Amino acid sequence: MDKIMLWTRIDIENLYERQVKTLYRLCYSYTRNVMDAEDLVQQTLMKVLERTEPFASLDHEKAWLMVTAKNLSKNHLKKKKTMELPMEDVMNSPTDSSEKDIVAAFHQLKEKYRIPMLLYYVEGYDTKEIGVLLNRRPSTVRTQLERGRKALEELLGGEHL
Amino acid sequence: MKDEELKKALETMNPTRAQEKEMLQKLIEAHGVREKEGEKIMKRTSSKNIFYGLLTTAAALVLIFTWRSPMKEQGTYLYKEGGVLVKEVVAIEKPRGNPSAITMVLNEEEIFGFFQTEAFLGTVTEVKNLAFDFQGDIYHRGLVEITVSEVLEGNTSVGQKVSMLLPGPVAEGKIWGADFHVTRAMKEGEQGLFMPMFFGEDEVWEENGEALPMKAIADGQLLDTERFAFMDTKEGILFARDTFQGLKEAKTLEEIKAYVLKKRK
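Residue numbers (the numbering used here), protein chains in the order written: chain A, 1 to 161; chain B, 1 to 265.
Hints listed in this document are in silico derivations from the structure and should not be mistaken for laboratory results. What you are looking at is a predicted structure, and each value in this text was computed from that prediction instead of being measured. Beta carbons: idealized from backbone N, C-alpha and C, even for Gly. Treat the hints with caution; some may be incorrect.
Label-pair ranges, simulated between beta-carbon atoms [what the hints assert, rightly or not]:
no.: 1; chain 1: B; residue 1: A18; chain 2: A; residue 2: G124; range: 23 to 31 Å
no.: 2; chain 1: B; residue 1: S157; chain 2: A; residue 2: P54; range: 28 to 36 Å
no.: 3; chain 1: B; residue 1: D242; chain 2: A; residue 2: K128; range: 32 to 40 Å
no.: 4; chain 1: A; residue 1: D126; chain 2: B; residue 2: D242; range: 24 to 32 Å
no.: 5; chain 1: A; residue 1: K80; chain 2: B; residue 2: V158; range: 55 to 63 Å
no.: 6; chain 1: B; residue 1: R241; chain 2: A; residue 2: R137; range: 22 to 30 Å
no.: 7; chain 1: A; residue 1: R147; chain 2: B; residue 2: E109; range: 20 to 28 Å
no.: 8; chain 1: A; residue 1: D59; chain 2: B; residue 2: T233; range: 41 to 49 Å
no.: 9; chain 1: A; residue 1: K79; chain 2: B; residue 2: E150; range: 44 to 52 Å
no.: 10; chain 1: A; residue 1: L155; chain 2: B; residue 2: G159; range: 53 to 61 Å
no.: 11; chain 1: A; residue 1: E50; chain 2: B; residue 2: G159; range: 39 to 47 Å
no.: 12; chain 1: A; residue 1: R137; chain 2: B; residue 2: E4; range: 22 to 30 Å
Straight-line C-alpha distance at most 16 Å; calculated EDC-like pairs for lysine to aspartate or glutamate [stated by the list, open to error]:
no.: 13; chain 1: B; residue 1: K161; chain 2: B; residue 2: E188
no.: 14; chain 1: A; residue 1: K70; chain 2: B; residue 2: E110
no.: 15; chain 1: B; residue 1: K2; chain 2: A; residue 2: D101
no.: 16; chain 1: B; residue 1: K187; chain 2: B; residue 2: E145
no.: 17; chain 1: A; residue 1: K128; chain 2: B; residue 2: E110
no.: 18; chain 1: B; residue 1: K215; chain 2: B; residue 2: E81
no.: 19; chain 1: B; residue 1: K7; chain 2: A; residue 2: E153
no.: 20; chain 1: B; residue 1: K8; chain 2: A; residue 2: E99
no.: 21; chain 1: B; residue 1: K7; chain 2: A; residue 2: D101
no.: 22; chain 1: B; residue 1: K2; chain 2: A; residue 2: E99
no.: 23; chain 1: B; residue 1: K26; chain 2: A; residue 2: E13
no.: 24; chain 1: A; residue 1: K100; chain 2: B; residue 2: E150
no.: 25; chain 1: B; residue 1: K21; chain 2: A; residue 2: D39
no.: 26; chain 1: B; residue 1: K7; chain 2: A; residue 2: E99
no.: 27; chain 1: B; residue 1: K7; chain 2: A; residue 2: E13
no.: 28; chain 1: B; residue 1: K21; chain 2: A; residue 2: E17
no.: 29; chain 1: B; residue 1: K257; chain 2: B; residue 2: E118
no.: 30; chain 1: A; residue 1: K21; chain 2: A; residue 2: E123
no.: 31; chain 1: B; residue 1: K257; chain 2: B; residue 2: E235
no.: 32; chain 1: B; residue 1: K2; chain 2: A; residue 2: E146
no.: 33; chain 1: B; residue 1: K2; chain 2: A; residue 2: D39
no.: 34; chain 1: B; residue 1: K262; chain 2: B; residue 2: E81
no.: 35; chain 1: B; residue 1: K248; chain 2: B; residue 2: E108
no.: 36; chain 1: B; residue 1: K257; chain 2: B; residue 2: E150
Taking the hints into account, I'd like the entire structure generated from these sequences.
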């Protein structure tokens, strides 16, 4: 039985344009491997293209994609021990040396700090929303943000304080 | 380090333009989309989808055979701008287009946390069906008016009449075309606890090259009527008991109110 899907090329391009950077940053923050991040972005978007119901809003679309990307990334990490690829070779790397240091230090943080920090500082979610997305209590998220921030500043050796 | 500095640095973790193009190309190829713009695509469904498709078809057939009224429309347009017409219909022939119900499985944390909803108690004071005509592409939705009796969270006030779009048209006690497990037609006089999403000023519904500002039609929408509404019906309290684990045994709106208030904190 065939079913008519509503995704046209334009729809896909618009969805991609809206969400690719957010998804890529999230998947890369989990895997720290550009090839894996690319694959996971692709898998996440393929899942959304299987939907026949529209999202209620762009916020709903984004939240759905974030949760899907998170689940796929975590499953991927369970199955595979990733090898980090130097990001300069394969992705936009910061040109500013200070930004480069921050990103490098960020990737040395534990996952439990990296992901809430990305969602909070870059994606603009509050602690309650991050709690929902990551299935953690908001109070836990707050603690992880504080500890992650402190660990980041320690790694940067006080230069950026 | 300032927050802004950190944000700016982390925002540099982007794919290159070449990577972006390659990923998009792979996605389009993998999805098998046709090159021609605007052309709808066909996709083979999985056996699970076939099963649900058959169930939906069976449900639709039951509705079609029990449906007695021919299509009747009332003359007055609620909205008539550009190529968009919206008018009340007293009955509909068959559902057109996808319903807008959130049919994904959500746990209660997601219900309370994913969506920017408000919460209030109120009484359903009017239920009707609307036809949305986007240059010939016609969609149907139910519209309910709820008179607010108690505000739990948000900007409504007691006595205010709030209009809410439902995810599909109301027919034969159901919301037609939507997920039957999480939708049910509301009836005039029924009381309930409602958690609607209110439309923003710039929120539009785009179809067929036309755009309808949602605020022109309703104050907001109920994503579905059993997870975003808890209804006190003749048959008892009705809501998605399997979703709200802590409310499985609830028998009154008061119990639900206390729980919802706790969860929304």
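Hint by hint, here is what the structure shows:
1. For B:A18 and A:G124, the Cβ-Cβ distance of about 28 Å falls inside the hinted range of 23 to 31 Å, so the restraint holds.
2. B:S157 and A:P54 have their C-beta atoms about 31 Å apart, which keeps the hinted 28 to 36 Å range intact.
3. Evaluation of the 32 to 40 Å hint for B:D242 and A:K128 yields a failure: the beta carbon distance comes to about 24 Å.
4. Against the hinted window of 24 to 32 Å, the Cβ-Cβ separation of A:D126 and B:D242 comes to about 29 Å, which satisfies the hint.
5. Distance hint for A:K80 and B:V158: a CB-CB separation of about 57 Å, consistent with the stated range 55 to 63 Å.
6. Between B:R241 and A:R137 the Cβ separation comes to about 25 Å, which falls inside the hinted range of 22 to 30 Å.
7. For A:R147 and B:E109, the Cβ-Cβ distance of about 23 Å falls inside the hinted range of 20 to 28 Å, so the restraint holds.
8. Hint check: A:D59 to B:T233, Cβ distance near 31 Å, so the stated range 41 to 49 Å is violated.
9. Between A:K79 and B:E150 the beta carbon distance is about 50 Å. The supplied range of 44 to 52 Å therefore holds.
10. Evaluation of the 53 to 61 Å hint for A:L155 and B:G159 yields a pass: the beta carbon distance comes to about 57 Å.
11. A:E50 and B:G159 have their C-beta atoms about 45 Å apart, which keeps the hinted 39 to 47 Å range intact.
12. Taken as a hint, the range 22 to 30 Å holds for the pair A:R137 and B:E4, whose Cβ atoms sit roughly 27 Å apart.
13. Taking the CA atoms of B:K161 and B:E188, the gap is near 13 Å; set against the 16 Å cutoff, the hint holds.
14. Proximity of A:K70 to B:E110 is assessed by CA-CA distance (about 15 Å); at most 16 Å being required, the pair is judged to hold.
15. Taking the CA atoms of B:K2 and A:D101, the gap is near 14 Å; set against the 16 Å cutoff, the hint holds.
16. Using a Cα cut-off of 16 Å, the hinted pair B:K187 and B:E145 holds, with the two alpha carbons roughly 10 Å apart.
17. Simply put, A:K128 and B:E110 have alpha-carbon atoms about 11 Å apart, close enough for the 16 Å limit, and the pair holds.
18. Simply put, B:K215 and B:E81 have alpha-carbon atoms about 14 Å apart, close enough for the 16 Å limit, and the pair holds.
19. Between the alpha carbons of B:K7 and A:E153 the distance comes to roughly 14 Å, so the proposed pair stays at or under 16 Å and holds.
20. Taking the CA atoms of B:K8 and A:E99, the gap is near 8 Å; set against the 16 Å cutoff, the hint holds.
21. Taking the CA atoms of B:K7 and A:D101, the gap is about 13 Å. The hint holds against a cut of 16 Å.
22. Among the hinted pairs, B:K2 with A:E99 is consistent with the structure: their alpha-carbon atoms are about 12 Å apart, no more than 16 Å.
23. With a C-alpha separation of about 12 Å, the suggested pair B:K26 and A:E13 falls inside the 16 Å cut-off, and the hint holds.
24. Restraint check for A:K100 and B:E150: not satisfied, since their Cα atoms lie roughly 53 Å apart, outside the 16 Å limit.
25. A threshold of 16 Å between alpha carbons decides the hint, and for B:K21 with A:D39 the separation of about 14 Å falls inside it, so the pair holds.
26. For the suggested pair B:K7 and A:E99, the alpha carbons sit about 10 Å apart, so the restraint of at most 16 Å is met.
27. Taking the CA atoms of B:K7 and A:E13, the gap is near 26 Å; set against the 16 Å cutoff, the hint is violated.
28. Note on B:K21 and A:E17: the hinted pairing holds, with a Cα-Cα distance of about 10 Å set against a maximum of 16 Å.
29. A C-alpha spacing of about 13 Å is found between B:K257 and B:E118, which places the hinted pair at or below 16 Å, so the restraint holds.
30. Between A:K21 and A:E123 the CA atoms are separated by roughly 10 Å; this keeps the pair inside 16 Å, and the hint holds.
31. A distance of roughly 19 Å separates the Cα atoms of B:K257 and B:E235; the hinted pair therefore is violated under the 16 Å criterion.
32. With a C-alpha separation of about 14 Å, the suggested pairing of B:K2 with A:E146 holds against the 16 Å cut-off.
33. With a C-alpha separation of about 33 Å, the suggested pairing of B:K2 with A:D39 is violated against the 16 Å cut-off.
34. Of the pairs offered as hints, the one joining B:K262 and B:E81 is violated, with about 43 Å between alpha carbons and a cut-off of 16 Å exceeded.
35. For the proposed pair B:K248 and B:E108, the alpha carbon gap of about 12 Å is at most 16 Å, so the pair holds.
36. In summary, the hint linking B:K257 to B:E150 is supported, as the alpha carbons are separated by about 10 Å, within the 16 Å threshold.
Checked against the numbered hints given earlier, the structure breaks hints 3, 8, 24, 27, 31, 33, 34 and satisfies all the rest.
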